[in-house]
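Throw the hints in and build the complete structure from the sequences for me.
Protein sequences, first through last, are from chains A and B. The opening position of the first sequence corresponds to residue 1 in this note's numbering, with each subsequent residue numbered one higher. The opening position of the second sequence corresponds to residue 1 in this note's numbering, with each subsequent residue numbered one higher.
Keep in mind that the hints were calculated from the coordinates and are not lab data. All figures in this text were calculated on a predicted structure; none of them were measured in a lab. Fair warning: there could be bad hints in the mix.
Interface residues of chain A toward chain B, partial, derived using beta-carbon atoms under 8 Å [stated by the list, open to error]:
id	residue
1	211
2	214
3	224
For glycine and all other residues, C-beta sits at the position ideal for the given N, C-alpha and C.
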Amino acid sequence: MTATKTDAPVTATNDKSPAPAGEPLGSARSERVSALVQQHGALAVLVVVSLVASFSFDSFATGDNISNMATSSAFLAIVALGMTFVIITGGIDLSVGSLFALGGVLAAWGSRHGTLVALLLPLVVCGAIGVVNGLLVARSRLAPFIVTLAAMLGARGLMLALTDEGANTYLIGKGSFLAELGQGSTLGLGNPVWITLGLFVAGAVVLRRTRFGQHVYAVGGNEDAAALMGAPVARTKILVYTMSGVLAGLAGALNAAWLASGVTILGNGMELEAIAAVVIGGTLLTGGLGYVSGALVGVLLLKVIQNVINQIGSLDSSYQQVVSGAFLAVVVVAQTWLGRRRQLM
Amino acid sequence: MAPPAEVLAVRGLSKTFPGVRALDDVDLTLHAGEVHALIGENGAGKSTLIKLLTGVHRPDAGDIVFLGRDVSFATPLEAQRAGISTIYQEVNLIPLLSVARNLFLGREPRNRLGLLDFARMNREAEEALRAYGVRVDVRRPLRSLGVGAQQMVALARAVASEARIVIMDEPTSSLEPREVETLFSVIRRLRDEGIAVIYVSHRLDELYAVCDTVTVLRDGRRVHHGRLAELDRLSLVSTMLGRELGEVRKEGLTKFTGDHHATDGQPVLEASELTVPHQLHGVSVSIRPGEVVGLGGLLGSGRTETAKAISGALPTTSGTVMVAGAPLRRGSTPAAIRAGISLLPEDRKSEGIVPGLSVRENISLAVLPRLSRFGLVSEARVDSIVDTFIERLRIKASSPQQKVGELSGGNQQKVLLARWLAMNPKVLLLDEPTRGIDVGAKAEVQKLVDELAADGLGVLLISSDLEELIEGSDRVVVLKDGAVVGELAGDEVTEDKLMRTIAGHAPDRDAVEEAATDG
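Following this line, the structure appears as structure tokens:
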């Protein structure tokens, strides 16, 4: 049936075998191709788009442009990393855009009391909001959509209260460690880029190689079964929302450090961008399947497309969103089609 | 040799749910290496007992002594850690995770850094599964395996976690006969290793094949316990149902009377040359009023597809369906329903009942448009219809407002039946109407089918239960690979003939003559 290659699964089909063999659904080869496209399709598109862009526009593949794109991607990528975990458990976190803004303001406000406060304050406050999100979702069994929507409104309100309705903008002093963290660069890439890469490596290890990571997949794959198999469902959910909150706060703090101030108007709609990036990267919105690397690719793809539209000077930058939206629609249709093909849905 | 150690002693266990005394002062003793059958009709308290033992619910009264210690598990995880593993009727694993990860979830081998050791995990998973006759690439997602193999993975998982008691809740309901054999050999091995097994099943053959002792529950009470070998099948059934032996014997194991006779009138349903690419090849079936026509055949022979094609749910490329002489528009379910065809689907859960809605709402769902005038529904008319069917079909619900999800499988099936009967159909297509419901409810449904046919309905009956098919049908149309390979009527409707036909030896002239001389 399937044993055409040496490394193909050996499925016992002969009648003498004492027991059930695994019967693959559909052809194993087409399944593998679908899985490959689902996981790496976005990467292929990213490569193609980047190649075309670098041949079409002289200013695309320059060191400056790449470095700028990388830095501006970094903040969204950190948010998308946390979102990936949440979405794999079958949840959603709409609060991250507000937490991003709140984290930035808190960092800028805290920078007067030293770098440690500036960094810890956003992490603790945004993490705490994440814990509350997680508790409400896991223990009170409320819909993640509603819980995090409430947190989104609440966090933005808190941020506005801190800044007197946005009238106060806190600045981050030049030359401080925090400013260096956001604005400095190492080996030609901005520090936020390196921090992001480090976080993604850690995130990938946590997701793929720890028990917690297995639980994340299990909870999203079949929550009831996971509970019966003894996976700590509630704890896993609380943890992913906490992570998402902490990462959103961190991204906001780094962004503030980069801009040297806590800008209050940032982060609007960022949660949707993050969700888009995660889905483009091959993570199923229904949970149970997903990749950290995919989120990174998804973010880069969104940013490259934005950059390309900026390069086409004649195109109104408002069309960025139209293109992003259309692109997302195409990806979701493709993902759904691949998923059905693989009978995941 | 010393008698085997007592693993579990349950004393006076009771549990009350709102309005129901689910379990009433039940005792259960289990020794090492004992395979214990736990039987009873749906609603007898089996599930409640299992849920109390595995920490899903907490008892109101009574003790559970496990390995000599009084225990009270707060969660299934605690029970599992202590050594009580459960495998459920429906496979409860994570379809998207790999086989190995499913097997090891929560106790994955880790390396010195605390990271998961996939190489070791895959190797050990492969070894563990080989013992269950499952030879697959353990890195593949679980869902790529057949249901039987998945059930084996669940079993391997339950046993691997150093269980002292393994509870199996209808483990064979989705297994092929060959897989059932493997399951039995695993159970025997568990027995030899001193692990106690609680085995829940409705299939009597299996109980007698593998169990040593038995506990029979009825209405939440223990009504019998002892060695299974000392209780013959009829006594077992009568204990379970709480009916006299003579009564069971007289009525046989199915409830069909078989005394309705089809009128000689025009067929109420005439399906001819139904064709669906790759699935049906020119299938023709006709049913007269008052006739029960069985559809025989193996799994995948096209029985369900035939029913779906008749009801318009499966688009046909050619062929016609006539209801009471009038042709039906092709591929339209609403048209079929309007013409008087009702299909009771095979899969109650996904294609039939709406568990969150009440009995009343479920029954009136399909008929509502007919009861409404200018879009408004007459509550009184709904009530009267609902009450009529609850009474006529003997649906056991605390009130019409009870959620259907809370009813037993048999009563859910009756609710579904009521929904379609409320439409006043001319033809009823029943796809496995008694699958997964207990013996008592099964008998009730069978009796209902009889009554409905006697009332002049044409019934198409699909059943994998040969006995049910034979005793319930006036005529059996046999399908194989999507085509009709034979038709049995009258005296020909016997298990032997049916199996021969399915096997490909159509009742040719010789066989018919043989039957004639025999009869």
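To see whether the hints hold, each was checked on the structure:
no. : hint : in the structure
1   : 211  : holds, 6 Å
2   : 214  : holds, 6 Å
3   : 224  : holds, 7 Å
In summary, this structure violates none of the numbered hints.
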